[in-house]
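**Q** Below, each chain spelled out in residue letters.
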Amino acid sequence: MLTVAVLLPIVGAVILAVIPKGREEVLKAWALLVTLATAAVGVYLLVAFDYAKSGQLQFTVNTEWIPVINSRYHIGIDGISLPLLILSMVITVLCVIYSWDHFPEPHNPKAFLILMLLLETGMNGTFAAEDLILFFVFFELVLLPMYFMIGVWGGPNRQYAAIKFFLYTLFGSALMILAFLALYFKGGETFDIPLLIAQGGTIGHSTQVLIFAGLFMGFAIKVPMFPFHTWLPDAHTEAPTVGSVILAAVLLKLGTYGFIRIAIPILPDAAMTWAPWIGLLAVIGIIYGALGCLAQKDMKRLIAFSSVAHMGFVMLGIATLTSFGINAAVFGMVAHGLITGMLFFIAGSVQERFNTREISRLGGLLLQAPRLGWVLGFCVFASLGLPGLAGFWGEFPAILASYQPAQGLQLWVFRTYMVVASIGTVFAAGYLLWMLQRVAFGTAKTEFEKSHIHDIHIPEYIAWTPLLLGIVALGIFPSLLFHVTDKAVTVVTSGVTQLASAR
Amino acid sequence: MSILAAAAAATSFKAPSLDYHALAPEIILTATILLVLVADLFASEDQKWLVANLAGFGLLATMVPIVSLALSDGSHVRSMVGGSYVVDDFSLVLKGLFIVVGYVVCLMAHRYVEEGDYYEGEFYFLLLCSILGMVVMASSRDLIAIFVALETLSIPGYILAGWRKRDLKSNEASLKYYLLGVMASAVMLYGMSLIFGFTGSTLLTDIGAAINAPGPNGGHQAVVTMGILFIIVGFAFKVSAVPFHAWAPDTYEGAPTPVTAFLSVASKTGGFVALFELVYIGFFGRSDVWGPLFGVLAVLSMTVGNLIALRQTNIVRMLAYSSIAQAGFILVPFAVAGTSPSAAQSALTASIVYLLVYAAMNLGAFSVVIAVARKTRSGEISSYGGLFEYAPGLAVLMTIFMFSLAGIPPLAGAWAKIFVFRAVLDAGTGWAVALGVAAAVNSVIGLFYYSSVARQMWMTPVPDGDRTPVAVPAPLVAALGITVSVVLAIGVYPQAFARLGELASG
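Here the protein sequences come in this chain order: L and E.
For reference, each letter of the first sequence is one residue, going 1 to 503 in our numbering.
For reference, each letter of the second sequence is one residue, going 504 to 1009 in our numbering.
These are calculated hints, taken from the structure and not from any lab test.
Only true hints are included.
Restraint-style ranges between C-beta atoms, simulated for each label pair:
no.	chain 1	residue 1	chain 2	residue 2	range
1	E	S988	L	H457	37 to 45 Å
2	L	K21	E	V799	46 to 54 Å
3	L	A198	E	Y693	55 to 63 Å
4	L	G22	E	S547	42 to 50 Å
5	L	E189	E	R669	55 to 63 Å
6	L	E189	E	T728	29 to 37 Å
7	E	E548	L	L32	56 to 64 Å
8	L	A295	E	S988	45 to 53 Å
9	L	S360	E	T971	45 to 53 Å
10	L	K21	E	Y622	38 to 46 Å
11	L	P459	E	A974	40 to 48 Å
Think of the CB as a built atom: it goes at the ideal place given N, C-alpha and C, for glycine as much as any other residue.
Given only the sequences and the hints, what does the whole structure look like? Please build it.
**A** Set out below in C-alpha cells:
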C-alpha cells in the first residue's frame, strides 16, 4: 500500500504526459484525481496504522533492487514519517486546487502538473525510504521538478534563483552520497537504515565524525541552516506561489527529516560531538533570520527569512538530542509546513490582486479584502507562536528542551542557546506584526485606492480551509501529533541515551 | 639448404586451433564489410540507401553470436592463439556495447550522410572497419594484438573525421586527429618495446608474471616504469585525458556530427578497453606507477574539462569538453584499483558501468544535436532557445540526456557516478577519499553547463521567432528511442548494467 502512495503520482504523471495539451480541463481533473487518490491512500494509512506500535516500521516492503551493491527496495513508515507523509500528500492536493484557475505565466498547465506529481513522488518516497540509496534517489528526485518550476514559471530573476537552488543542493547531496557510501563500507556493507542503526555505533569515533560531516552538508543545505541558507530567499521569492508553498511546507523538511532518520540514530557518537555546533548554527539562524526579516521589503522574501528562523528552532530541538527536543522538532516541522505554506499562499494571492508584493506599496488589506486580511492575521499569529495555535508547540518545547539537553552535552552551552532563542521569539513577534500592520492595517495606498480587490475565491477557500483547520486542531490538541511521534522519537534517541548511560 | 630448412620449419608449423563460434562475431562483421564494399560498387546513386541498411543489418546479425556465446554453458572463457585472443564475459559485454553503439551511429548517420551529399558507401565501410577493430580489441590479450586492433579502429576514424572534405574545419579536424594520433601510437609503441625488452614476451599474462616477480630482476626497474608510463600516455591521447586532450575539441567540432558521436563514444571506449587489459592483467603489480598517474590524469581531466566547458557557446564543443570531463570520471576508479583485490574489482565494475551508461547518454545527446541542427542549421547553444515551445519532445529528451550526463537521479548517469564513488570508498585510503571529493565537486560544476542547455530550451524565447516543428527522420527517432529507453530504464533499475559490469569484471 505504501508503494502505491509513493509511485501513484509518477504513474499519474506518465499518463498525464500522454493527454493532449489542449484538453486543459481533462488535464486538471486527472491531476486532481491522482493527488486525491494518493491522499486517499494516505487516509487508509492513517486508519490502518497501529498507533500502539508507532515506534516500529509499518507497511514495510523489502525486496531486492540492486543486488550488485546490496541496495534494496525497503520502505516503511513509523510515527515520525507518518505525519510528514500525510502533510506532503495534503499539500499537493491543495496546491492542485489552488492553481486551478490561475496557473502562473507561461501557463502550460500540463507541464506544471506533471512536475507537481513528480515532486510528490519524490517527497513521499523520501519519507518512506528505509534504504540509503533509495532515500538518495527520492531526495534528489525533487530537484529537477523544482528547478523547472522556479526557472520556467518563476518571477523576473527566476533563472538565477533556479540554478542557485540546484547547485547548492546538489553540492550538499554529492557529499551526502559519499557519506552514505562510507557508511556502507564501515557499517557492515549494507544500505539498510534499520540494520545500520543496529551497527552504526561500532564505527570508530573519528570516522563517525567525518561521515557525519558529509551527512550534515547534505541535510543542512536542504534545511537550510545558517551559513548555507542563501539559496532559500532567492528560490522562495522567485518561485511561483505553488512552488513556494511546496518548498516551504515539504522540501525543507527533507533535510531535518534526514537528521532525525539517518544522521542521529546511525551515528549517535558523532551526533554528540556535533550537537553543540548544530545548536550554535541553529540559534544564529534564529537571530539572523529574524534580523533579516526586519530588513525585507518584499512579503515573500520576509516569509522566506522567517523560514530560516523557524527551521532554526527545529534544528535547536534536534540538537538537544533528547526525545523531548526531537518531538518538538517534528511538531515544528509539521506546524511550519501548515503555517508557512499558508503564508506563501496568501502572499501569492496578494501578488495576484495587487501585482506587487512590496510591503511599502500595500496597506489597508482589511478594508479592501477583509477576509483575506483576517486570514493573514490569523496566520501571522500562528507563525509567531501564539499559544493555542500550532506554531506554539513547535517553538516553545524546543526552547524548553534546550534547558536540559541530552546527558553528556554541556549544560551552560545549551542554556545560553535557550536564552538567545527566547529572544528570537520576541523578534519573530516584532517582524511578523510589523508586516501585518503595514499590509493589512490603515488605508490603501493611493495607487490602489480605486482598484477593486476581489476577496477570497472559491478555490482559495477550498485550498486553505484544511490548513487553517489543521493549525487550530494541532494548536488545541497537540497530543494528536505528540502521541504519534513520541515512541518513534524514543527509538531515534535510544542510541544517544545508551551512550550517555555508558559514560 | 635455407629453402629446405624453411620448408621443414613450415611443415612443423601447426595451425592454431580456432574456435569458430567464438570468432563468429568478427567473421560476420568482416563478411558484412566485404558485402558493403561490393554492394557500393554496384549500387547506383539512388540505391545507396541499400548500403546503409546492409551495414545496419550486418551489425544486428553480429549480435546473434555474441548473445549465443554469452548464453552458452561452461565457464565462457575461450582462449585462442596461445592466450593472446580471449573471448570471455568481459570481451562479450564490451563487444556487445561496440556493436550496439555502431548500430545507433548508423541510425544517426543515415539521413545525415545521404542529405549532406557525402560519399555513402565508403562511409559505412570505414565505420564498420573501425568497429571491427574495437571488437578485436575487446578480445586482445597481447601487445601486438592490442596495437593492431588500435590501428584498425583509429585509421578509419582519421578519415571519417575529414568526411566533409569541402569544409576547412573538417580538414583541420582530420589532420589534427591524425597527427596527434600517430604521435601517440609512436610513444606507445616505444613503451611496448621497452616492456617487451624487459619481459621477453608480448603476452599480457607473461608480462604480468614477469612484473610481479620479486628480487632485483623483478618488475621494479626503471625500464618497466618507463615502459608503463609511455604506454599509458599513448592511451591517454586516445581517451583524450588532460593534458593530452588538445585535439579533441577541434576534431569534434569539425567532424560530421555522427562521426563526432562515434569518436567520443566508441573510439574512446576502445582506448579504455585497452587500458583495462593492460592495467588489470599486464601491469597490475606496478600500481605504484600507474595509480598516482591515473589519479593526476583523472583530476586534471575532470577539472579542466569542466571548467573549459563552462565557457563554451557551441554545443558540440561543449559536449567535447564534457566528454573530456566524463573520461576523467572513468579514470578515477583506475587510480584506486591497486589498493586491494576488492577495490580492483569495484574499480573495474565502476569503469565498465560508466562506459555503458556514458555511451547511451552521449549518443542520445548527439542525436538530439543532429535533429535540431536539421532545422536551425546551427550548433550554437543559443539556437536552442525556446525549443520546448516548438519541439517539446526533443526538448524533454535533451533535458533527460543533459541531466543524466550531470548525474542527477533517477537517470542512468547518476548510477555511473555512484559506482565510481563506491569504488573510491571501497579503496578507503585518504587519497582515495580526497579523489572522491574532487569528483563530487566536479559533478556539481558539470551541472552548471549541462543545465544551461536546459535553461535555453525551457526558459528563453525562440531566437528568430521561427516556430515550425522539427522534422525528425525515422532512423533518428529509433536512435533517440534506444538511447532514452536505456537512460530511463537503467535509471530505475540499475541492476541490469551493474550485473553486466560485475560479470565483465569477475
